[in-house]
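Could you put together the complete structure from these sequences and hints?
Spelled out, the chains give:
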Amino acid sequence: MIKRDYKGPVENSIEMAIEKISNLLQHDYYLSSRSIAILLLQEDEGIKNLVKEKDAAGFSGIEQIVAGLKTYYKDPISYELAIERQNEVNEILKKAVKFAKDTINFQERLSRLLMNPVLGIPVFLLVIYFGLYKFVGQFGAGTVVDFIETHLFDKYITPFAENVVTRFIPWQFLRELFVGEYGLITMAFRYAFAIILPITAFFFLFFSLIEDSGYLPRIAMLIDRTFKKIGLSGRAVIPMVLGFGCATMATMVTRILPTKRERIIATLLLALAVPCSAQLGVIMALLQHNPIALFIWAGVIGFIFLLVGYLTSKILPGDRPSFYMEIPPLRMPSVSNVILKTYVRVKWYFKEIMPIFLWAGVLIWLARLANMFDLLVDILKGPLRAIGLPQEAGKAFLFGFFRRDYGAAGLYDLSAHGKLDGVQLVVSCVALTLFLPCIAQFLMNIKERGWKMGVGISIFVLFFSFSVAYVLNIALRILGVVL
Amino acid sequence: MDKKIILPLSKLELHKKAKVSHIKTEDKAMLQRIIAIGALPNIEVTLIQKFPSFVFQISKSQFAVDKELASCIYVKAV
Chain A
5 MIKRDYKGPV ENSIEMAIEK ISNLLQHDYY LSSRSIAILL LQEDEGIKNL
55 VKEKDAAGFS GIEQIVAGLK TYYKDPISYE LAIERQNEVN EILKKAVKFA
105 KDTINFQERL SRLLMNPVLG IPVFLLVIYF GLYKFVGQFG AGTVVDFIET
155 HLFDKYITPF AENVVTRFIP WQFLRELFVG EYGLITMAFR YAFAIILPIT
205 AFFFLFFSLI EDSGYLPRIA MLIDRTFKKI GLSGRAVIPM VLGFGCATMA
255 TMVTRILPTK RERIIATLLL ALAVPCSAQL GVIMALLQHN PIALFIWAGV
305 IGFIFLLVGY LTSKILPGDR PSFYMEIPPL RMPSVSNVIL KTYVRVKWYF
355 KEIMPIFLWA GVLIWLARLA NMFDLLVDIL KGPLRAIGLP QEAGKAFLFG
405 FFRRDYGAAG LYDLSAHGKL DGVQLVVSCV ALTLFLPCIA QFLMNIKERG
455 WKMGVGISIF VLFFSFSVAY VLNIALRILG VVL
Chain B
280 MDKKIILPLS KLELHKKAKV SHIKTEDKAM LQRIIAIGAL PNIEVTLIQK
330 FPSFVFQISK SQFAVDKELA SCIYVKAV
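Sequence lines, in order, name chains A and B. So the number in my numbering is just where the residue sits in the first sequence, counting from 1, plus 4. So the number in my numbering is just where the residue sits in the second sequence, counting from 1, plus 279.
Hints are supplied without guarantee of correctness; some may be wrong.
To give an idea of the interface, some chain B residues facing chain A are shown, with a C-beta separation under 10 Å as derived from the structure [stated by the list, open to error]: (1) Gly-317; (2) Pro-320; (3) Thr-325; (4) Gln-328; (5) Gln-341; (6) Val-344; (7) Asp-345.
Okay, the calculated bits of chain B under chain A, using three or more residues with CB under 8 Å as the criterion [what the hints assert, rightly or not]: (8) 297-308; (9) 330-338.
Heads up, simulated BS3-like pairs for lysine-lysine below, C-alpha to C-alpha not over 27 Å straight-line [unchecked claim]: (10) Lys-329(B) - Lys-355(B); (11) Lys-105(A) - Lys-307(B); (12) Lys-264(A) - Lys-346(B); (13) Lys-98(A) - Lys-296(B); (14) Lys-307(B) - Lys-24(A).
FYI, nobody ran anything at the bench for these hints, they're computed from the structure. Here a beta-carbon is modelled for each residue, glycine too, at the ideal position from N, C-alpha and C.
What follows is the structure in structure tokens.
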């Protein structure tokens, strides 16, 4: 083992301090006492607390040594040590490694094009369009989900489950728990396996590709400046992009953000203004024949996203986020790596999400037993009238909470029956996109952010979505917009 | 540009070789980030891009950072 002596005025040198601290350490920390001493000098909080507990007797002496040493240096000891290490590394490198002259090869050229704002942003939009919208949204969430739902579930699994349950459970109310309209098998399992599984599999495949190619940090650096305005850093591009796949999953991924403040802002924006792929699909179907309506919808949602982010970042206390990320070289992703990553992630996600779906199923069953649905639809009538929508839309909104895409599909039925005009369609799409996240996301908000914050965010979203829809409805009517 | 001048990395000319002279920040977390990146005194850096984020190269590694971080790293041209 190479022992490196740290420099400094002799009688106060870092090396002396290390030795003195080592002598005070009695407990066996598994690491050498020298390593522990160096970590203590760097004021590592975890190690400090550990030593305080295990070496209570010597701790005040250690603190004195650290404090004493600090008075001899202008900069923090961790910085002094980092410089020492860096010098040592350079000495070794000088003897051991020869660097080829830097040349700008094809990869580097491509990398700079992707980071260039003029070219990089259009490329980013194309990647999102083809990767997220076409591949994950239309193919994964559309074609593949339809196939699994209609061929596997509607034909085989659901009838089989209904048969078994009807035979063995004599009570209708209990049958409902398993195979009713919102049963654990007919809804929770079907939702998880026929809808979430394919969507997340396709999504994670896309995500692993942009991750392994090294493209992701380049998106983060392009978007950092914009995200700073809403209290987030470029790093938050990861949960935000994930949100277009499944906002519940994205809420879980906000764990990668370094501060609580960033995690709260990201969770709120995901709950409010990021539509998931299931929902996007139906909204696109509703508005596709009406480009101006689609444009208004996207404009309002985009504006709300930025506005709420901006205001939240002004209100929430805490430091501005900081952005730093290594930009790895661009690489051709390895097929086996991408497949393995996708598999591991889907598995991990399932383990996290499955209990939440089952809980949601039980909650819905209880709510239906208590006739809560009719009550809630009744409560929704007033706000719906205020935003100019027929009361039949109440069901769509309520279902929206249990399954975001169900809600949108409910609107689709209303529109197909000619019950909504263009303005009503846009207003309801905006309200539904902003409206409470699905029940799985609601439970995830509570799991990740705690009771107070999770419920708080949901109440805010509830009132805010209707307020925006109210204002939008009045604005469009006053302006005499006909869609 | 005067060769002896010391200036923050955020103000360095693109593609000009420079060496880190010192780090200036009172924020411990910020210093920790800079240590993690390895932008320490006497290390050679080249600025590759300034907008929308700052991208610089140290040896064979590239880093993207925001203006606040880039302004804490002081460099002198070599």
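Structure-based check of all given hints:
Against a cut-off of 10 Å between C-beta atoms, the interface hint on Gly-317(B) holds, since the closest Cβ of chain A lies about 7 Å away. Given the 10 Å rule on beta carbons, the hint for Pro-320(B) holds: about 6 Å separates it from the nearest Cβ of chain A. Evaluation of the Thr-325(B) hint against chain A yields a held restraint, the C-beta minimum of about 9 Å falling below 10 Å. For Gln-328(B), the interface hint holds, since its Cβ comes within 10 Å of a Cβ in chain A; the closest pair sits about 6 Å apart.
Proximity of Gln-341(B) to chain A holds as hinted, the smallest CB-CB distance being about 4 Å (cut-off 10 Å). At about 4 Å, the closest approach between the beta carbon of Val-344(B) and any beta carbon in chain A falls short of 10 Å, and the interface hint on this residue holds. At its closest, the beta carbon of Asp-345(B) sits 4 Å from a beta carbon of chain A; the interface hint therefore holds under the 10 Å criterion. With 3 residues having a beta carbon nearer than 8 Å to a beta carbon of chain A, the region 297-308 of chain B meets the requirement of three or more and the stated coverage holds.
With 5 residues having a Cβ less than 8 Å from any Cβ of chain A, the region 330-338 of chain B passes the three-residue criterion, so the hint holds. Between Lys-329(B) and Lys-355(B) the CA atoms are separated by roughly 17 Å; this keeps the pair inside 27 Å, and the hint holds. As the CA atoms of Lys-105(A) and Lys-307(B) are separated by approximately 36 Å, the hinted pair breaks the 27 Å bound. At roughly 22 Å between alpha-carbon atoms, Lys-264(A) and Lys-346(B) fall within 27 Å of each other, so this suggested pair holds.
For the hint pairing Lys-98(A) with Lys-296(B), the CA-to-CA distance comes to about 19 Å; that is within 27 Å, so the pair holds. With a C-alpha separation of about 26 Å, the suggested pair Lys-307(B) and Lys-24(A) falls inside the 27 Å cut-off, and the hint holds.
Of the numbered hints listed earlier, the single one contradicted by the structure is hint 11.
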